[in-house]
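So the sequences go chain by chain: E and V. Just so we're aligned, residue 1 is where the first sequence starts under UniProt numbering, counting upward by one. Just so we're aligned, residue 1 is where the second sequence starts under UniProt numbering, counting upward by one.
Treat the hints as calculated values from the structure; they're not laboratory data. Only a predicted model underlies this, so the values are computations on that prediction, with no experimental measurement involved. Some hints could be false.
Remember, identical chains collapse to one label, so a pair may be satisfied in a single copy or spanning two.
Said to hold, decoys possible - With a cut-off of at most 25 Å between alpha-carbon atoms, the simulated BS3-like pairs for lysine-lysine come out as follows:
(1) Lys123 x Lys5
(2) Lys123 x Lys157
(3) Lys156 x Lys101
(4) Lys27 x Lys2
(5) Lys101 x Lys4
(6) Lys176 x Lys81
(7) Lys85 x Lys101
(8) Lys2 x Lys123
(9) Lys123 x Lys4
(10) Lys157 x Lys21
(11) Lys161 x Lys5
(12) Lys156 x Lys85
(13) Lys13 x Lys157
There are 2 protein chains.
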Amino acid sequence: MKEKKILIHGGGKIATQVADKLGLEVKMHNGRRITDQAMLEVVQMVYGGLVNKNIVSMLQALGCNAVGLTGADLNVVRAVKRPVKDIDYGFVGDVTQVNQKALSDLLENDCVPILAPLTHDGKGNMLNTNADTIASETATAMSSAYQTHLLYCFEKKGVLKDVNDESSVITSLNEKNYAEYLAQNVIFAGMIPKLDNAFSALKKGVREVVILEADNLQNIENQYFIGTRITLQ
Amino acid sequence: MKEKKILIHGGGKIATQVADKLGLEVKMHNGRRITDQAMLEVVQMVYGGLVNKNIVSMLQALGCNAVGLTGADLNVVRAVKRPVKDIDYGFVGDVTQVNQKALSDLLENDCVPILAPLTHDGKGNMLNTNADTIASETATAMSSAYQTHLLYCFEKKGVLKDVNDESSVITSLNEKNYAEYLAQNVIFAGMIPKLDNAFSALKKGVREVVILEADNLQNIENQYFIGTRITLQ
């Protein structure tokens, strides 16, 4: 693809492995990591240092002028520490602002921003932030300057009717049939935050959202029927 | 200071702590870390993720538009894996090229590059590289476009005649009296790589090198006699 690109990556499994090796207890709530000070250091190390720089160095070897960024670098993604309600998620950031100008400047210089799922609060603190949310917020912000396509890559062929059957891909999904699937408990729980993010992005100006298998990404130009294409209507 | 700045940081002590917690054995030779695959991951995490992003987020909080970079990001510092002679240093990089253009572009955009002591080989591999060397090589490369001052900050007041006496600062040092001090074994062994780097940078176009206490950096504008000023003659 000749289009300008931004890559947002995760690293949760590696963070959990490193935390285990360091003897830290990994605490989750509804699939979201609870991030105390020690765990913040782990995700900062794993996302910002290990995973991000492995991706950047590999892309550079392929001739792609990648630049790895956390939300703090160039102030690209600002967040606030999530307020404590029933659960204290710790050093977790809810995105407040994506710096479209800084990212556009890089894109216009033929750089490819590689965003780690880390934000900052503008007061000197790094925060852990879900990669899907950063992807959705970034796509939304970029849509004020570009026609933006948001591609969620994961290990399944797309959104499945039956999580155990890779041939059950829902090829297109709109708000109405998403609501129906939800009412019928068809959608796997782990998909719901990703889909909520997708619809949120579409409502704020993103042109298209596709949920697809990472290995299929290279085929997306040539084949229309890859993954699940999400639209409002 | 209103001058444009680049900060190069270290992090060796924290890397050693993290390696200890992970149960890895830290191997050194002549004060240089031997970097096997597991240690490369540690330094990548600690330098690129933990230390770099802590500095960047703190600078952003102070209104400084910092951007944290390893050598791989924007291809700013390219290196080759050190050839194995008597000692195999492992994944350690000897700098071959600093991307003056990429750094200048950032500086001209009022960004402040914060360089972690990590390089890449252009083939997809990250490498561990001494921060003093990156500082010297970067200052040298930047001197083709800017009048460049190279400031080495550390925990002592400057180069000392007596390592146990902070009042014994050598206020100025040139090649001739450096050779004399070396012959007399006056210079503390740990200073020698730093001083060799300093003279190398001066010979390649850097205007001035100062070795000073980090806490004194804020006073360098107002007081001439801070630290050790190094010149060729």
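Practice task
Hint by hint, work out which the structure violates, then give me just those numbers in ascending order.
Solution key: 2, 3, 4, 6, 7, 10, 11 and 12
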